[in-house]
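Enquirer: The hints should help you fit chains V, C, E and W onto chain P, whose structure is shown.
Chains as they are written, first to last, in this note's numbering: chain P, 1 to 608; chain V, 1001 to 1183; chain C, 2001 to 2477; chain E, 3001 to 3171; chain W, 4001 to 4303.
Treat each hint with caution, since some may be false.
Simulated crosslink set (DSS-like; lysine-lysine; CA at most 27 angstroms straight-line) [said to hold, decoys possible]: (1) LYS3142(E) with LYS1173(V); (2) LYS3142(E) with LYS1166(V); (3) LYS518(P) with LYS1148(V); (4) LYS1148(V) with LYS1014(V).
Sample of chain V residues with no beta-carbon within 12 angstroms of chain W, all distances over it, derived [unchecked claim]: (5) MET1008; (6) ARG1020; (7) CYS1033; (8) ALA1035; (9) MET1048; (10) LYS1090; (11) VAL1121; (12) LEU1123; (13) MET1129; (14) ALA1134; (15) TYR1164; (16) LYS1166.
By construction, these hints were calculated from the structure, which means they are not laboratory data.
None of the values given here were measured: they were computed from a predicted structure.
Don't be surprised by glycine CBs; every beta carbon is placed ideally from N, CA and C.
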Amino acid sequence: MTFDILIVLMFLGAVTAYLVSKADLKAGAYATVLFSLGALVLLLLGRGEIGSEFTILFMGFEVTTIGWYFSGVMVLVYAMTAFFNSYWMDKMIYPGSYNFLYLFSLGGTVGLFFAKDLITLFIFWEIVVWSSTFIVPMGKSRRAAVVYYTISTIGSMATLYGIMLLHRISGTLDIQGAFAPLKNDPVLATVIFFIFIMAGLTKIGIFPFHIWLPLAHGSAPHTFSPVLSGGLVKMGAFIAYMSVGILPAYEAFKGSLTVMGIPIQIYALMILGAVSIVLGTLMAIKQDDAKKLIAYSSVANGGYILIGILLMDQLAFAGSMMHLFNHAIASAAAFLAIAVVAHRTGTTKISELGGMIHRMPLTYLTYLIAIISLAGIPPMGGFVSKWLIIQGLADQGLMFMALAAFFGSIGSFLYVFRPLAAVFLGQLAPRHEELASAPLLMKIPMTILMVLILFFGVLPGWILGIIGQIQVAAGIEPVMMSGNSILAVNGVLNTLNVFMVFGFGFLIALVIFMLMQKSRRVGLMDTYTSAEFIYTPELYHYGSAFYAPFERLYARHPSVEDFLMALAYKGHEAGLMVNALFFSHKPGVTVFWITVIVAVVTLGGVGL
Amino acid sequence: MTTNSKDMRKTWEKIADYFRAHSIWMKWYCTGCGAIEMPPTMTSRFDMEQLGMGPMATPRQADVLLITGYLSAKTLRRVIYSYEQMQDPKYVVGFGSCTLNGGIYFDSYATMTRLDHYLPVDLYIAGCMPRPEAIMNAFDTLIKMIEKGEAKGWRHYQENHDWYRKNQLHSLKEVYVKDEFHE
Amino acid sequence: MINPVLLIAIPLLLAFVSILYKGYRNNLLVFGALVNAGLVLTLGKGEYLIGGFKPPFGINLVLDDYAFLGLLVINGLFLLITLMSLDKIGENATVLLVALAGLNGLLLTGDLFNLFVFLEITAITAYILSASSRQYQHSFNYLVLGTLGSGLYLFGLILLYAVFGSLNMADLSLKMATADTSQLVIPSLLIFIGLGVEVKILPFNGWVRGVYGNSDSLVGPLFSAVYAGAMLLVFGRIFAQVIPLGAYLKTLLLLLGALTLIAGELAALSKTRIREILLYSSIGQSGLIVTLFLSGLVFPAVMQLFNNILSKAVLFTVAGQMADTTGTDDAEALQGAFARHKLAGVAFTIAGLSLIGMPLFYGFVSKINLLFGVFSLDNYWLPGVILLGTVIEGTYLIRLLVKLWMPGEEGLVSHESHATKAPLEIQRARVMGIVVLSAVLLVGGLMPGMIQNNLSESGRLLDETTPVYLFDLKGGQ
Amino acid sequence: MNSMNKLVEELKGRFTLLEVLLPDQQQLIVDIDQMHLHALLSHLKATGFRQLSLLTAVDWIEENTFQLVYIVFNWDTGIHVLVRTKLPRDKAVFRTITGIYPGAQYYERDVHEFFGVAFEGNVMSFKPLFLELWDELPPMRKDFDPEAYSREKFPERPYVPQFVPKVEVVE
Amino acid sequence: MNLMNFVYAFLLLLAAFVFQTTLTGINRKVVARLQRRRGPRFYQQFIDIFKALSKGSTTHGWVFDFGVVMALGGIMATAIFIPFGPLKAVPAMDNIFIIAYVLAVGMLGMAMSASGSGNPWASIGVSRALTNMLAYDIPFMMVVFGLIFAFDTSSLSGLAAIQREGGFLGWHVIRFPLGGIVAMISLQGMLGKKPFDSFIAPAEIASGPMVEYGGRHLGMLFLLHEFSTFIEVSLIVHLFFGGGATVAAFLVKYALIYTFLNIVSNVLPRFKIDQAVTFFYKVPLALAVVQTFLIIVVGMGVA
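So here's chain P without its partners, still in its complex pose:
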């Protein structure tokens, strides 16, 4: 019962937020906070009603565990980011409609995960697409919104074609029922598999369709990028799950050629996932804008999630499901930290910032814990999910996927560290001397996210329990947990032990540190400069071209972006050609074409 209230509440919330912000903008922003928190509470309360069905207007819904999990992640990200809206009210051109669209897209995402039939799924999918399309341009670039919309609509139209084809074959639109008959028809299953997953690929930002991610996340309003990268990317994962979990991919492709034990169709997509990991990492290392950097890291992590979901086995699937959650809160926390920096200094360019830790220590801590989880370093959550994915890969012996996974995880140390060193540490420029730290309302979500990342890093039991239920529902054996250690085929991970041992080590180091004399506090400029006297902190901060020697190695890399832009321009030229051929202002041209048509029909029509 609570879930239809939830969805309706969201859309009503959107309208009320709009009306309230008519009166006072700040109040409107706080309304978004209230409604998203309300949604979170409703979701947690409705935990027991998994399996119930309900309908709104003309759309049918069904609450499944995976739907509940996905919408839980989504609403959490929305709720945490909503706290930041009130600070951007004066910086946006249409703040009232921003609040409206914010809650509107939240309603869309939640509805999507509970859809019972494919048309409802598609309706809510499109709602999210067009509502987020109108938020992105409120940021720095209009082109980003158009590219974002084009690629999303390519994906969703392909999926719509898939839905219609499914309906034509199986006669029903119900999600569970529609995919059933594909089991014994591999050729058709392959076609539908590739068409239906398109929307997922475009939303996760897998290799050929990733170009919108840096554009949209990089230039969206600072308070919407966390939602874009933390939340909306997960919708794609839901579609990817549907096209592998609900569509019986593994049974349908039993007959087809297998590579390393994986059907060729699924392996092809896994290669795309691997390529997007490598590409995302390499491009992220290069970026100078912190937000673009984290956007590319979302591409890389999207690759992890896709590979995990496609494997549909005990470990990698559980790993990707948990990585979904970890990446959502970690990249949301990272984006929020960057948003605080942008709120205070007005820029997110890494080379223009430095020494932020001295002005906003809590933001620094949030960013530190977020990137530890993003990079998959214990004791944070990211480590558990990456460990599971790698164990899954090792179990099946997929070496090339493993190569990309290793490159991605080690590479992530590089690109997560770049903003840490160049934005938060290093020299503080005089112009940033008197910056205030993060306002109170921003501190709340950051602390909550920090606690969550740390908690689920040390005690992932609760999350893995839910994921186990999802796996049982999807028909694969769930990931085993005994006490607090996760049992994988070839290894055991006890996150509590890891944390305790890490604490023990930290304790010994602290004792060693405390034993010695107190050390003398020295200013940041008093460092070894081979005895030269330097007085300008800005020049003395190493922020730009952080990995120059490494970037030089792949400076001239082929970019799919130019290829797709060229393709778009070809469309533009085709339009001009059509214009020239048929729409000249001389009637003679039209007469000429009439004679051609008549000739074609009469001569050709003889045989009719």
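Expert: Quick look at chains V, C, E and W alone, frame taken from chain P:
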């Protein structure tokens, strides 16, 4: 160098001094012609590493500052800046007659004539430039001094810092200068 | 029962009266439109004879669900558009009245030759109205092509009459069903070309760019919504009910329609002037509707038609108004125009999104319906083309909407100060008009069942066998 | 040797040279009045003396003059020409030659710092080059006594005999 | 994880520290003898560490201190996971991936505090260290991945036990020679030994990340270096040289490998960082991929 007979150091200090004596890292600031004497003392014939000594890249990590030659005003400013960047129990060893009394440049308008006027020098090595044997002997003496706790130049610098500072300003007008190349 | 011929007679009568009393022209026009709109609601279905002659010889008016639906929308739109742009009418009131008569005639007539007469009447009023934009070269171009088209239509008509001896649609459809299709190739092709010109099928729509491109806020919506709607409905009646097409000719015409769709969308992609984008979009949409009629999916075609003309009415009104007041309709120059006209902007956005087929709007319901229909015919390439068309259409419309809403160069956060300084103002009446239209679209999208139910008996359009997807959306039918 | 003679003849023809010396095979010393110096230097540059090897000054305190010495070198013929001119010592002002030899900028700065000769037209020449915070007389002038400066600025170590270690003589 | 484990852990740390530091001292003597000079006393390394710890030091803020403590804590935690020959301080926690990633905690801690010192040389050093890690870690992980797939266990002691069954011939360095070579080269990179130590180049960037550490911080970093050497070398010993049936056997193998590597590193010049990356992505990566391919697809050497 006054040697006080009774030993006021605590036992812990004694142990620490034993370690400090047998592992001295040097910041060899090649200020003058003496620097060329350092390689022979490090390489196979004399090998100062057997005394536990080795070169270190930055003053932060170093214990002993070797002034290996004449000091012009500009160089002295940098030497003082480096000296202050070194960590406590630090020692200074002056090589050659230029650090003692200005050597052959005693009458130059730019060269210092008495190093310990500006920095607390624990040990001077006479010679224009001392050969590796003399340097090894000096290091041996330095080790014995540290062991006995006599190398307290750094404490002397801390206690009458203003005296040293007055002398430095008298000769150099300013220690921390701004030069056009770093604006 | 009131005879529907009044729908044609009253406007003609008022037209002549308005010539006599020049002062009251506009009031007469409004009165005529009001009467027509009111009259349509009271009509009963059935067949009406004119002058007492039996059908095969005399002319009869057929008022079935299809015609009723058409009349309702066309008259409603005509009334709304005239009310919106009263200040732009000038001395065209009489012409508009005649046009109203012609349009109603087109939808009602059951006789092909009578259809030709009304076609000529409407075409003439169109030529006169297109001249109001002072671009006489385009009007001349439109005149030449229009007459050529109706000439070919007449020629096709003559061939039919020579072969079957009758011009009554119902009678002809019975005879044609049994006739040898090879005989029908030439006449059906000629009729297709004749109507193709008016219905803006690709090779025959050379005139569209000039006429639509320079229309003001009265002529624009009138042409793109009312005229286009009527012509498409006539096309639908002939090619879905009357003329059975041979397999070869049908695929060729389908290809032509699909080509129109893709060409229209691509051309729109390459344009920056708002009205040019919209005119190519309407070409693309009419290509889509023609293919649906040709493949026999009448009900989805009609739904898509209404979606198209309702949104085009809104879009062209706003575009025309922009061009009239600011002198330019280039999207770049008008960036951020909606910053100060939020209500008009919202209506424009709703119309645009409905045109693309976004959920919560009527366009979505019609898109899903037509896709179901096309898939039911086991035709797998056409939906591909349609969806590709939707993608392209979505791109350029979103690009236009984003440009008009959020001003500012790349790399700068968009702000009101970057908005265009052009003196754009949209009158109260127009804003009310487009808000009503967009409300219809929004309601149609939210409650598709409601529209379906009261039109349900019209769902059995033209009593032909193709299953109509009433698509009550309750989890699929 | 003939190229040297040709050069000397040519220079004599063009300019009124105060003195011409041939101290070595490939070297030529030319004295000229300060007014014609620039003309001579630009002529030499045009005829292949591309490099200005040195610009320095000599302090003739008795004659109360500064003598500026320009050494230019011709890479093709390998000939050094040493152009000298005299300046009054008390108001030592001269025009810069950076127009002819851009490289002279730092030489002029050096000469200004150590001798006090001002070079108009080369704004850089008034900035300090080597000596930091120097506010005494330019040190290279003969009327500056470095030893006195050193004794005043840098305190001496008093010479105390006991500093000499007693050496026991061992039979 | 009861109290006894913590006591074992502390003893393991102590043993590792003492053993590794003496070994370093001996190696400094070996290197000296290579250069035909006497070289320091074998316990010189102890003296150096305790001297550094006894000195005072300067700090640049709380992140500078916190980073060093976190780094040393992380590295000590990793060392606790490593089985000391047959003895394991913490049961069932010697999973290779856990060790690889907990090692990263130490690296991140040091990198964070180095950048926190404000000295650009430290940041340059750190960026080189991370690039270096990206270079040497990928081939190593590939080979390890092959081993895990082959023997279905990713625990060090498990793999060591499997090798010991076949006696000397059972060692992975014999059964998977290519993997052994790659591991040795990657170990060279891990330890930051001569060819791949561009990130602590004394002359070029004033010893990179270590530029601002003096006295106590420097002492802790020396400890960190000792422990990380212990971790990395014992990782290779367990994976490729059959671990240790007894502690003595383990320590002997460990000493031999470490000294061999030290000798090799002393005759090699120093790579520029992009040369190191291109080197690692040419030969070792190719070898690793071939080796893994052989293991997984062909199954050679696994039987």
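Enquirer: All hints, please: hold or fail.
Expert: Hints versus structure:
no. : hint                       : result
1   : LYS3142(E) with LYS1173(V) : holds, 24 angstroms
2   : LYS3142(E) with LYS1166(V) : violated, 31 angstroms
3   : LYS518(P) with LYS1148(V)  : holds, 25 angstroms
4   : LYS1148(V) with LYS1014(V) : holds, 8 angstroms
5   : MET1008                    : holds, 18 angstroms
6   : ARG1020                    : violated, 5 angstroms
7   : CYS1033                    : holds, 21 angstroms
8   : ALA1035                    : holds, 14 angstroms
9   : MET1048                    : violated, 10 angstroms
10  : LYS1090                    : violated, 9 angstroms
11  : VAL1121                    : holds, 20 angstroms
12  : LEU1123                    : holds, 19 angstroms
13  : MET1129                    : holds, 22 angstroms
14  : ALA1134                    : holds, 19 angstroms
15  : TYR1164                    : holds, 19 angstroms
16  : LYS1166                    : holds, 25 angstroms
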